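Generate coordinates for the entire structure from the input sequences, incorporating the hints supplied.
If you read the protein sequences in the order shown, they are chains G and Y. The first sequence maps to residues 1 to 203 in the working numbering. The second sequence maps to residues 1 to 291 in the working numbering.
Think of the hints as simulated: they come from the structure by calculation, not from any bench. Careful: at least some of the hints might be erroneous.
[Claimed, not checked] Covered by chain Y, per the in silico footprint, the following chain G stretches (three or more residues, Cβ under 8 angstroms):
(1) 81–88
(2) 114–126
(3) 170–181
(4) 185–199
Model, not experiment: these values are computed from the prediction. Yeah, the Cβ is synthetic: ideal placement off N, Cα and C, and Gly gets one too.
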Amino acid sequence: MAHYDFNMPVSEAQVRALQVNDTVTLNGTLFGIRDATYIHMFDRGRKTHFDMHGHAVIHTAPNVKWTGETEANPAGYAPVCVGTTTSARMERFTRPLMEQYGVRITIGKGGLFAASQAAFSELGGVYLAIIGGAAALETTWIEQIEDVDLDDLNPESLWKFRVKDFGPLLVAMDSHGGNLYTEVNKAARDKRAGVLASLGVKT
Amino acid sequence: MKIDLQKIEDASKEIYIRALKLLPPDIKQGFARLDKTETDATGKAVLGTMIRNIKVAEDTNNLLCQDTGIPIYNVVIGRGVEFDGFALKQAIVRGCARATKEHPFRSSVVHPVTRQNAQTSCGRSIPVINVEFSDTPETLSIEMIPKGSGSENNSWLKMAIPADGIDAIKTFVIDCVLEAGGKTCPPTIVGVGVGGTADLCVHLSKVAATRPLGSSCDDPEGAKLEVELSAVVNQLGVGAQGLGGDSTAFAVHVETAATHITLNPVAVNMQCHSARRARATFTPAGVSYGY
Numbered sequence: 001m002a003h004y005d006f007n008m009p010v011s012e013a014q015v016r017a018l019q020v021n022d023t024v025t026l027n028g029t030l031f032g033i034r035d036a037t038y039i040h041m042f043d044r045g046r047k048t049h050f051d052m053h054g055h056a057v058i059h060t061a062p063n064v065k066w067t068g069e070t071e072a073n074p075a076g077y078a079p080v081c082v083g084t085t086t087s088a089r090m091e092r093f094t095r096p097l098m099e100q101y102g103v104r105i106t107i108g109k110g111g112l113f114a115a116s117q118a119a120f121s122e123l124g125g126v127y128l129a130i131i132g133g134a135a136a137l138e139t140t141w142i143e144q145i146e147d148v149d150l151d152d153l154n155p156e157s158l159w160k161f162r163v164k165d166f167g168p169l170l171v172a173m174d175s176h177g178g179n180l181y182t183e184v185n186k187a188a189r190d191k192r193a194g195v196l197a198s199l200g201v202k203t
Numbered sequence: 001m002k003i004d005l006q007k008i009e010d011a012s013k014e015i016y017i018r019a020l021k022l023l024p025p026d027i028k029q030g031f032a033r034l035d036k037t038e039t040d041a042t043g044k045a046v047l048g049t050m051i052r053n054i055k056v057a058e059d060t061n062n063l064l065c066q067d068t069g070i071p072i073y074n075v076v077i078g079r080g081v082e083f084d085g086f087a088l089k090q091a092i093v094r095g096c097a098r099a100t101k102e103h104p105f106r107s108s109v110v111h112p113v114t115r116q117n118a119q120t121s122c123g124r125s126i127p128v129i130n131v132e133f134s135d136t137p138e139t140l141s142i143e144m145i146p147k148g149s150g151s152e153n154n155s156w157l158k159m160a161i162p163a164d165g166i167d168a169i170k171t172f173v174i175d176c177v178l179e180a181g182g183k184t185c186p187p188t189i190v191g192v193g194v195g196g197t198a199d200l201c202v203h204l205s206k207v208a209a210t211r212p213l214g215s216s217c218d219d220p221e222g223a224k225l226e227v228e229l230s231a232v233v234n235q236l237g238v239g240a241q242g243l244g245g246d247s248t249a250f251a252v253h254v255e256t257a258a259t260h261i262t263l264n265p266v267a268v269n270m271q272c273h274s275a276r277r278a279r280a281t282f283t284p285a286g287v288s289y290g291y
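As structure tokens, then:
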């Protein structure tokens, strides 16, 4: 188990060096994306002008406050509370996001599945677990909302955050087939019969 | 006691904001209990971050979680309380929208077909407003629950048959916990509805999931079932955030209703670790806030 500090963006080699149970802290740019953003980008043909090559995305739709464009809030939005949503719904978008935009890191909670795992292995990517529901803490790692695109989808816009000491985050899926969620799930299912027996369930 | 609708509106705004920021004491105690018994290093670290987040939210006067949820208001009307019921519901809706606009925070509510967000946390039949009656004199209580979607997306109903008996109910609950994995933001409160009609059964599972920790079902059979299930659920090892360990659930709660001779329904609804609630209580002395 090693710890890595990443200044974004990162190279394929940096991402492939990561293994499950390592930890990572990010600095610099982080993009916020989720359901509607993905649907519009990959099912409805919309494009973003952001260069996301080598970057990380986090599954989020933040609470923001409109301030008008200022030096502190160049996109006109101040972050109020930035947290993380469940990644499972975003499963089928991992590959196109990596193939078309060169994204290397997906941050979320609850994990992704086989299609994402295959994309991480083939294209060089990882999934970093953040603690869901710990948004007040996560917000203290956000320095600024630098820019926003597809803002008609607000709050599910494509957000460009600048982050400082964002983490530590746990490598939960790596590019070598490692997947913490699968391991935990398999172990839990192996305990099912014993738990049901202790409840007196006849099987 | 006559209720001033402006005060209802103001309180409906206030309790939405309070619910988003202040975790009830029973949930904090639930965290302390799990933290004490957690044996897995990752689980311990995850719980530590969650506990730290509760403190950061209080210190920075911020929301605990980004998910402002589907707003639910549970109104309990005591004896001798006078008001215009239709206007009371409208006042709650106005308070809910004002909380969203005036704090401000994220409106998480969209039309189910167009997916348009009115940016008010309100829409058709939302906020959910449940109305019940009690025999407490001159008291009106409004409980606010911002129900997060990570846990709400993991909701299940099974119309089991009488021949499957209680075993079907127990098996279903365990299988739902396994299926949910980390998607529900565990540790959760696993809410189980047993009996009733299909819709009542699902409603009961929500009531169970959002009940305070330490409370128990007032049907002795339901209470027995929740003790049994609570004792074993953490043996599964799903753990906090689904990353392993002993902290899969704070508790399993059960609510029951009588059912038809042909039915054996069971529903599961979960509440995430950000198990938020706030309450405003109106009496002749005025309004007071709590959980």
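Of the numbered hints stated previously, which ones are contradicted by the structure, given in increasing order?
Hint check: 2 fails alone, others pass.
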